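S.K.: Take these sequences, add in the hints, and give me the full structure.
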Amino acid sequence: MKNDFMKNCMNNNDNFQSIEEITKKSIHFLYKTKSCPELCFQYTKKEHPGDLTLILFSLSKKLKKPTEKIGNDIGKYVKNQLGEFVEFSIIKGFLNFTFKDRYYIYLLKRMLNTNFYNFKLPSKKIMVEYSSPNTNKPLHLGHVRNCLIGSSISKILKMVGHEIIRIQMINDRGIHICKSMVAWKKYGKGETPDNTKMKGDHFVGKYYNLFYKIYREDIYKNSSKKDQISILRDARNLLKKWESGDLTTVNIWKKMNQWVYNGFKETYKKLGINFDEIEYESNIYQIGKKIIKEGLEKGIFFQEKDGSIWIDLVKEGFDQKLLLRSDQTSVYITQDIGTAVERFRKYNIDQLIYIVGKEQDYHFQILFRILKRLGYKWVNKLSHLSYEMVCLPSGKMKSREGNVVDADSLILEMYSIAKKNFLKKSPKFEKKSAEIIGLGAMKYYFLKIDPKKKIIFYPEKSIDFKGKTGTYIQYTYSRIRSLERNFLNFCLLLNYHWDNIKFNIYEKNMIKILQRYPLILKKSAMELNPSLIANYVYEVSKTFNLLYQNKKLIDPFNLIHSNICMNIIHITGNILKSGMNLLGIEMIDRM
RNA sequence: GAUCACGUAGCUCAAAUGGAUAGAGCAACUGCCUUCUAAGCAGUAGGUUACAGGUUCGAAUCCUGUCGUGAUCACCA
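Sequential numbering from 1 applies to the first sequence in the working numbering.
All clues given are correct.
Taking CB as the label site, the calculated pair distances span:
id	residue 1	residue 2	range
1	K542	T192	46 to 54 Å
2	G402	I300	37 to 45 Å
3	L559	T98	26 to 34 Å
4	P66	L559	48 to 56 Å
5	V314	K461	46 to 54 Å
6	Q360	N486	47 to 55 Å
7	V314	K62	39 to 47 Å
8	D350	K269	29 to 37 Å
9	K120	E359	31 to 39 Å
10	V314	Y187	44 to 52 Å
11	R590	K453	29 to 37 Å
Calculated from the structure, these hints are not laboratory results.
Nothing here was measured: the structure is a model prediction, and the numbers come from that model.
No residue lacks a Cβ here, since even glycine has one placed at the ideal position from N, Cα and C.
M.R.: So, in structure tokens, the structure goes:
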């Protein structure tokens, strides 16, 4: 029965065109323009009559005719074609279309077609880099934001038809890990994550902090210069040993990194973060060197007397930038040059998106310039998605000073609050559900905010479960599932002719907001901005709760209308779930 | 100091890229569970969109300047 219904819907769609499409045609027909000017549609504001508005001012300019005339012409043309479906009125320069019930039926049927969700852009192969942690300490709130944005954007891009490679670069080598290593060697007394029952990344982080404690005490005691601090000297020596391949050093390094990886793995798993590829800095930090040397031979770079290699970007408004140290070791940007070249060579990608905090804006600008100078044609396929940082009320988080909120303790905190709330509401507690709710609240909290805006995190206030939250949306969804279960108990699924249905205002609003979903998806994919989906999904929930509160949705005495409602409800549930999944948030059937 | 971002209700955020009288949530106060899940709904209150100019039919949005906040400007990553 359902299949017939679907077929019916699809047929309906074939010979029907939306207001937007017909408006486009009308301009072509009425004014014989070669190309249709950009049409400025807008959802009609509450205070005016209508549902969809065409703004006429810019059209009036382009067609050199008064707004009133254009509005009337287009309005009449559309009305002529869609008389049963739409009315129009003109206020100043605004042409307002009012949908009739049959237009809502058309919209509803269109949404019941599975094609409605399969919204696709021309497919590209896109690599997304995110997370990219150092291996000397646990992940903190900054990483959480980075991971959630990166993971969500990957899902969104995949949803609109791209092939995605999620990649993380692990900064496993360098002075930072040597600092943890030194402290552990000196004061570790054979402690390991196992025998101290600590999570590996926290364990290594503990020694990183210990390093700085000793370092600061040294400065305080001796008021000596940085270079003379013995523990720092030890760390540098360790780095040299590592670079020369000293076996015991390399073994300690391997061991400590492995502890950290085990810790990360656990955190990623809890957060639901995944990668398709992992790069280790230690494997690839040499690649860039070769490219720099070739660039030097070609005269793109220059060499100082001490042997260091530089690029001069003064003409482009930047400084001179070091590419290779005088001892011929590579710096951060050297390695990024190498990895970019490698990635394009190895994966044959059409686009590379770096999701990295905005403190590195300058770095990426320079990186892209250098690659351009080197003559790589794919430079315009690189982009840096820069997001603002997560701060505490006291200011920037600084792991050296210990004022960080780490990911693991935040997750635990969310679990425990969710559990507490759960027990208050529901007699039988389900651990899994509480975890989904806690995690959902946290993810939503991070993702609803535009990436380019700063987040100030108040630990003592904690993340909300009421109002505009992930929980609210999950709650709405579980209400929907509950309605669906009840519906099957009371009503039969019937295939009626819907042509004479009358919708109330709540149903109309619901249908209107639901059919915007593909547009929102497209926009968030184009702008690489998950917050658009987060805010949209909230609006959908809010509109649904309004409908729920004002209308008896399941009514055994009005089967036809209950069936219509059930279709609206079903689409709402699908969109909520789909949208939230794009944010990496799971939904549950009962709360 | 230079460069770049951001300043919207007491607080946290929106506003379909220049459209009509700038919207939500939290906190506060007032109502609604004998009725499909009250983690919900309705109402009250809260604004010179930091400030001053400019662009035009029209600006929170674009341009200029001022102020404020933050980031970056390493032979660190």
